[in-house]
Amino acid sequence: MSDNSMSPVKVSLSGRIDSGNAAQTEQSINEQLAGKGNIPVVIDAADLAYISSAGLRVILRIKKSYPQLKITNVNSEVYEILEMTGFTEIMDVEKAYRVVSVEGCEVIGEGFNGKVYRIDKDNVVKTYKNADALSEIQHERKVAKLALILGVPTAISYDVVRVGDSYGSVFELLNSRSFSKILATEPDKFDWCVDEYVKMLKKIHSITVPKGELPSIKEKTLKSVLRMKDSLPNGLGDKLVKMIEDIPESDHMIHGDYHTKNIVLAGDEVLVIDMDTLSVGHPIFDLIHMYNAYVGYSEYDPQIVLGFQGYSSEVSRKFWHDSLRAYLETDDEDRIADVDRKVRCLSYAGLIDWEIRHPDADAQKANATIELWKTRLIDILQTIDTLDFEIGISDASGLSELNIDATTDNLEKVIDFVNSRLEAVDCSPKDCMQLDIAVEEIFVNIANYAYAPETGKAGVRVEVSGNPVTVTITFTDRGVQYDPLKKEDPDITLSAEEREIGGLGIFLTKKVIDYISYEYKDGRNILTLKKELH
Amino acid sequence: MLNIAKSTENGKAILSLDGRLDTVTAPDFDKTVREVITGITELKLDCEKLEYISSAGLRVLLTAQKIMNTQGVMKVCNVNETVMEIFDVTGFSDILTIEN
Numbered sequence: 166m167s168d169n170s171m172s173p174v175k176v177s178l179s180g181r182i183d184s185g186n187a188a189q190t191e192q193s194i195n196e197q198l199a200g201k202g203n204i205p206v207v208i209d210a211a212d213l214a215y216i217s218s219a220g221l222r223v224i225l226r227i228k229k230s231y232p233q234l235k236i237t238n239v240n241s242e243v244y245e246i247l248e249m250t251g252f253t254e255i256m257d258v259e260k261a262y263r264v265v266s267v268e269g270c271e272v273i274g275e276g277f278n279g280k281v282y283r284i285d286k287d288n289v290v291k292t293y294k295n296a297d298a299l300s301e302i303q304h305e306r307k308v309a310k311l312a313l314i315l316g317v318p319t320a321i322s323y324d325v326v327r328v329g330d331s332y333g334s335v336f337e338l339l340n341s342r343s344f345s346k347i348l349a350t351e352p353d354k355f356d357w358c359v360d361e362y363v364k365m366l367k368k369i370h371s372i373t374v375p376k377g378e379l380p381s382i383k384e385k386t387l388k389s390v391l392r393m394k395d396s397l398p399n400g401l402g403d404k405l406v407k408m409i410e411d412i413p414e415s416d417h418m419i420h421g422d423y424h425t426k427n428i429v430l431a432g433d434e435v436l437v438i439d440m441d442t443l444s445v446g447h448p449i450f451d452l453i454h455m456y457n458a459y460v461g462y463s464e465y466d467p468q469i470v471l472g473f474q475g476y477s478s479e480v481s482r483k484f485w486h487d488s489l490r491a492y493l494e495t496d497d498e499d500r501i502a503d504v505d506r507k508v509r510c511l512s513y514a515g516l517i518d519w520e521i522r523h524p525d526a527d528a529q530k531a532n533a534t535i536e537l538w539k540t541r542l543i544d545i546l547q548t549i550d551t552l553d554f555e556i557g558i559s560d561a562s563g564l565s566e567l568n569i570d571a572t573t574d575n576l577e578k579v580i581d582f583v584n585s586r587l588e589a590v591d592c593s594p595k596d597c598m599q600l601d602i603a604v605e606e607i608f609v610n611i612a613n614y615a616y617a618p619e620t621g622k623a624g625v626r627v628e629v630s631g632n633p634v635t636v637t638i639t640f641t642d643r644g645v646q647y648d649p650l651k652k653e654d655p656d657i658t659l660s661a662e663e664r665e666i667g668g669l670g671i672f673l674t675k676k677v678i679d680y681i682s683y684e685y686k687d688g689r690n691i692l693t694l695k696k697e698l699h
Numbered sequence: 074m075l076n077i078a079k080s081t082e083n084g085k086a087i088l089s090l091d092g093r094l095d096t097v098t099a100p101d102f103d104k105t106v107r108e109v110i111t112g113i114t115e116l117k118l119d120c121e122k123l124e125y126i127s128s129a130g131l132r133v134l135l136t137a138q139k140i141m142n143t144q145g146v147m148k149v150c151n152v153n154e155t156v157m158e159i160f161d162v163t164g165f166s167d168i169l170t171i172e173n
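As you go down the protein sequences, you meet chains R and F in turn. Numbered as in this note's numbering, the first sequence ends at 699 without a single skipped number. Numbered as in this note's numbering, the second sequence ends at 173 without a single skipped number.
Because the hints were derived from the structure by calculation, they are not lab data. Here the structure is a predicted model, which means the values were calculated and not measured. The beta-carbon is built from N, C-alpha and C at its ideal position, and this holds for glycine as well. Treat the hints with caution; some may be incorrect.
Here are some chain F residues pointing at chain R (derived, C-beta under 7 Å) [as the list claims (entries may be wrong)]:
id, residue
1, ASP95
2, THR96
3, VAL97
4, LEU131
5, VAL162
In silico DSBU-like links for lysine-lysine, alpha-carbon gap of 30 Å or less [what the hints assert, rightly or not]:
id, chain 1, residue 1, chain 2, residue 2
6, R, LYS595, F, LYS104
7, R, LYS310, R, LYS364
8, F, LYS139, R, LYS652
9, F, LYS117, R, LYS595
10, F, LYS148, R, LYS595
11, R, LYS675, F, LYS85
12, R, LYS676, F, LYS148
13, R, LYS578, F, LYS122
14, F, LYS117, R, LYS676
15, R, LYS307, R, LYS367
16, R, LYS280, R, LYS388
17, R, LYS651, F, LYS139
18, F, LYS104, R, LYS578
19, F, LYS122, R, LYS695
20, R, LYS696, F, LYS122
21, R, LYS426, R, LYS367
22, R, LYS483, R, LYS385
23, R, LYS595, F, LYS79
24, R, LYS675, F, LYS79
25, R, LYS385, R, LYS354
26, R, LYS676, R, LYS695
27, F, LYS122, R, LYS595
28, R, LYS676, F, LYS122
29, R, LYS426, R, LYS483
30, F, LYS104, F, LYS79
31, F, LYS117, F, LYS139
32, R, LYS376, R, LYS307
33, R, LYS364, F, LYS79
34, R, LYS676, F, LYS104
35, F, LYS85, F, LYS104
36, R, LYS260, R, LYS175
37, F, LYS117, F, LYS148
38, R, LYS294, R, LYS260
39, R, LYS675, F, LYS148
40, R, LYS676, F, LYS139
Just chain F, with the same shape it has in the complex (with noise of 0.2 Å):
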């Protein structure tokens, strides 16, 4: 299960993942990604709820940053150390940006 809480303002979308970004939410997660990201300047994610991370999850963040990389920025806040040590591992913590 993961619920995204998304709000819109100015340009800038926030994102807020509540759950498991696995196999079977990251579509999801995919489609309201694509949703938000056109024209948006700021995309932040909020992972304080954010309790597990698989590699179908990893693939939705690096399409998203790739994205982000040619229209502005993206910020992946809150993040929990379980979760952080997959963004070590993988070398996504040198891809993203990460706000603690």
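Isolated chain R, as found in the complex (with noise of 0.2 Å):
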């Protein structure tokens, strides 16, 4: 057994700790603690008026012998000394939370983990059910503040309490609707929700996340698809999960529960919350919760959805399409129809391995539901061989990649693409063709060598900045090491005869654009271009 496996010691400290007693509640602390070995203690300061210099030496000595002492309740006057002595940075030092009670009051919102209740004019208090709720109001905390330093528009809890046995964290009131209300009652919205909806979204997208601030969802989904693989005939389990290894990485932001009731509208602004479930990954991962929401979890009962969203099935079901629609920002009807299979491969696992761990009461209700999601993910999963789509993710601060076969045939496309991305800015003819040329050329070598024979993706990222002007673009592929800039320029000065017919497509690029560097890393090539617009 370890040591975090033990459950700690409590030990509770009350009224004044001087130099008059602190010999005495030494005493009586190590009488408590007697024989017990090196465990976790917990000293609860709830009682705790005054701690002098004698008493905190005494804390000291305990820390020492039980290094993984940590004190709670201690109340504002308490915990300032502890602050200014230094022992909050050498021990674990929790405040006292404010108490509130919700008894009697309104409860505005519901979710799985716990209810929303107004409690008083201008504030609301989220309560937890699980046992951990501190552990996961503080992840939640951290999580919305650095969604908000990284641009995402969220409301911030702006103090925990104690709520009964377990916590709660207060939110001033917002005077909003959830999007599930406006669609539930303002059905001539439909469109502005799924505009503002998407463009929520791919804002989200488009944020990269520092390393090691967010958990990875791709590893999360593996685990709840690794639990439930075995349930499919035929080896099928092992194809998904190999699919699900072989979706690409990702340090772009995802929300991780991105439906209509956890998005709002606050006077003319729109906000998102519910950020406990933040993550990093390919945007397919968000896709599957959306589905989940709209269609997946109701599939065998369309009422669910007029009970949790508090709108139709069928207002649903369009949502979840027209969202996809504009997310994809296509109309190719076999595109949308293409990554909405994909995205009900994965809801479908996930759903499955959701109900075989929450049952339905009725389990005839349970076990329909699961054979119902398992004949269509069994379906689905004989027909696809990749869970990966290509996507283009832009947002109004001038970053956007597309993520695409590298095949000739995608060159069009590409250049497309990053004409799209500059026609905000004044790109004069000629640096918009040489910037066409090198994106021409660097395309084309990944499509020709990365994988050859086989093909596989290429990203291509767009970024202007500054003053003067500049553009920069990266490409990365997963295909051979290859660094093109080790390639010697051909002699230029050789005539006709002399000169071979290949070996121009860097040699170009380099005369047309600034600046190019290449490096390898994660198993990526990396070539960077930048060009200054005149």
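Join these two chains into a complex; the hints should help.
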């Protein structure tokens, strides 16, 4: 048994601890801990009014014998002493939380993990059902702050309080309406909701998250699929696992529970709430949770969506389809259907795992639901070989990225993509042509050589910045490691007879742009081009 | 997109290029050049409407130039400024006979 899994021993302190009673207090604590070995100790300071330096020395000695010491429920006077003396830096000190009662308060929202109560005119408290509510609250506060800093408009709780035996986080009451409410009551706002909803989703997906700040949603999905994969026949479970493993890694932000109850309109500002599932990963992982909320979860019983979102399954299905269409920026129904299929594949797998672990009270219904999802999942698994898809992500900041099959057939799409990102800037015909040349040469090189004879993906990212306006284009691929800058320049003084036919592409690229660099990192070739516009 | 208009007369061929000469259109251009080049003594490429050229297009021009050097002359006419700059930086303005 490791130390961490031992339940801590709680010691309570009360009143004043000073030179008059410090020795006595120390003796009493040592008696309570005697013979228990090196265990985690929690000092409950709820009733501690004052502590002098003699008392602090007692705590230091206890900390020495029991390194896993934690002090909780510290009132603000005592906390100030601990902070001034540097104790808060050498040990785990938790402030006492304000106690809030929700008895008789209006419930204004309810989710799977808890309820939201209105506690007075201006404030709401969000409570949590889970035993480990405090760490969950702290996690959500941390990621919500990160999201806000990175540019996602969201509401942040300003206080953590005690609610009964658990904890809650306090938010300012927003004069807001969720998109679910708007869709349920104002059908003529449907298209507006789709537009704003997708715009916000793209904004989230365009954000690059510093390494280590958020968990990878791919790993979480893999865990869930590993739990259910053996319920699929003919090795299809292993095929699914392999396909998930093959989804490219990404450091872009994912909300993780992006449905219309979590998008609210406050005044004329659109906000995203419920940030606890914030992660990084491929956009498909957000699409999965969207599909779950709109269609997947209620696929057997369409009434469920009405209960959950407040609008009918017809509205819900149309909202999913139209959002996906807007997100993919396409009217090509085949393409939408292709991505829809890939999304459903992972959606069903996750839902099956979920239902097994949280079965409907009606066992017959639970089984029928699982069977329906399983049948559809098996159908899809037999027809697809990859979960990846092409996507253009852009936002107002001028940063955008395209992930596309590296084939010369896609050259026009890549050029169009780059040009569409340059529309906003004043790019002379000559600069545009020179950028086109550079993009063509690099992309065609990747298409011809990176994965030959197979094909694979290339990433194209366009950033526009600064004064003078500079365009930065970054190409990435996971093909064979190759540094094109090592290639020797052709001798352009030779006569036509002497000159070789090939070898001009990279040379020409170097001539038409201002800066080029290559690196090989994390299994990727990364080629960066920069050009100042004139 | 690249449109190629061709005319041949008395051992001379004129190809007028309209559009973009890139990785996608170069194979077509190469095919057209090979169709007309046999036995001619002069090949004239009218570039008045040529908007764009990449290394794939340059390769075809070099191939054509090599062939024409053995059997006659090749002239490249009405080259616009941006395409001309590509010929300059790649040394093609020294290889090709450019008539503007």
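Going through the hints against the structure:
1. ASP95: The hint holds - ASP95(F) has a Cβ within 7 Å of chain R, the shortest such distance being about 6 Å.
2. THR96: 5 Å, holds
3. VAL97: 6 Å, holds
4. LEU131: 6 Å, holds
5. VAL162: 4 Å, holds
6. LYS595(R) with LYS104(F): Cα-Cα ~28 Å, so holds.
7. LYS310(R) with LYS364(R): 21 Å, holds
8. LYS139(F) with LYS652(R): Holds - the C-alpha atoms of LYS652(R) and LYS139(F) are around 24 Å apart, at most 30 Å.
9. LYS117(F) with LYS595(R): 25 Å, holds
10. LYS148(F) with LYS595(R): Between LYS148(F) and LYS595(R) the Cα gap is close to 24 Å, so the pair holds against 30 Å.
11. LYS675(R) with LYS85(F): 37 Å, violated
12. LYS676(R) with LYS148(F): 25 Å, holds
13. LYS578(R) with LYS122(F): OK: LYS578(R) and LYS122(F) at ~23 Å, within 30 Å.
14. LYS117(F) with LYS676(R): This hinted pair holds, its Cα atoms lying about 27 Å apart.
15. LYS307(R) with LYS367(R): Holds, at about 22 Å.
16. LYS280(R) with LYS388(R): 28 Å, holds
17. LYS651(R) with LYS139(F): With a Cα-Cα distance of about 28 Å, the restraint between LYS651(R) and LYS139(F) holds, given a limit of 30 Å.
18. LYS104(F) with LYS578(R): Within the cut-off at roughly 25 Å; holds.
19. LYS122(F) with LYS695(R): Holds, at about 29 Å.
20. LYS696(R) with LYS122(F): 26 Å, holds
21. LYS426(R) with LYS367(R): Cα-Cα ~18 Å, so holds.
22. LYS483(R) with LYS385(R): The hint holds at about 28 Å.
23. LYS595(R) with LYS79(F): Holds, at about 28 Å.
24. LYS675(R) with LYS79(F): 34 Å, violated
25. LYS385(R) with LYS354(R): Violated - the C-alpha atoms of LYS354(R) and LYS385(R) are around 35 Å apart, more than 30 Å.
26. LYS676(R) with LYS695(R): 12 Å, holds
27. LYS122(F) with LYS595(R): 15 Å, holds
28. LYS676(R) with LYS122(F): 23 Å, holds
29. LYS426(R) with LYS483(R): 16 Å, holds
30. LYS104(F) with LYS79(F): Roughly 12 Å separates the two Cα atoms, so the pair holds.
31. LYS117(F) with LYS139(F): Roughly 14 Å between the alpha carbons, so the hint for LYS117(F) and LYS139(F) holds.
32. LYS376(R) with LYS307(R): 15 Å, holds
33. LYS364(R) with LYS79(F): 49 Å, violated
34. LYS676(R) with LYS104(F): 28 Å, holds
35. LYS85(F) with LYS104(F): 17 Å, holds
36. LYS260(R) with LYS175(R): Distance ~16 Å between LYS260(R) and LYS175(R) Cα, so the pair holds.
37. LYS117(F) with LYS148(F): 5 Å, holds
38. LYS294(R) with LYS260(R): 22 Å, holds
39. LYS675(R) with LYS148(F): At roughly 27 Å apart (the allowed maximum being 30 Å), LYS148(F) and LYS675(R) satisfy the hint.
40. LYS676(R) with LYS139(F): Answer holds: LYS676(R) to LYS139(F) is near 24 Å, not above 30 Å.
Of the hints listed earlier, those the structure fails to meet are numbers 11, 24, 25, 33, in rising order.
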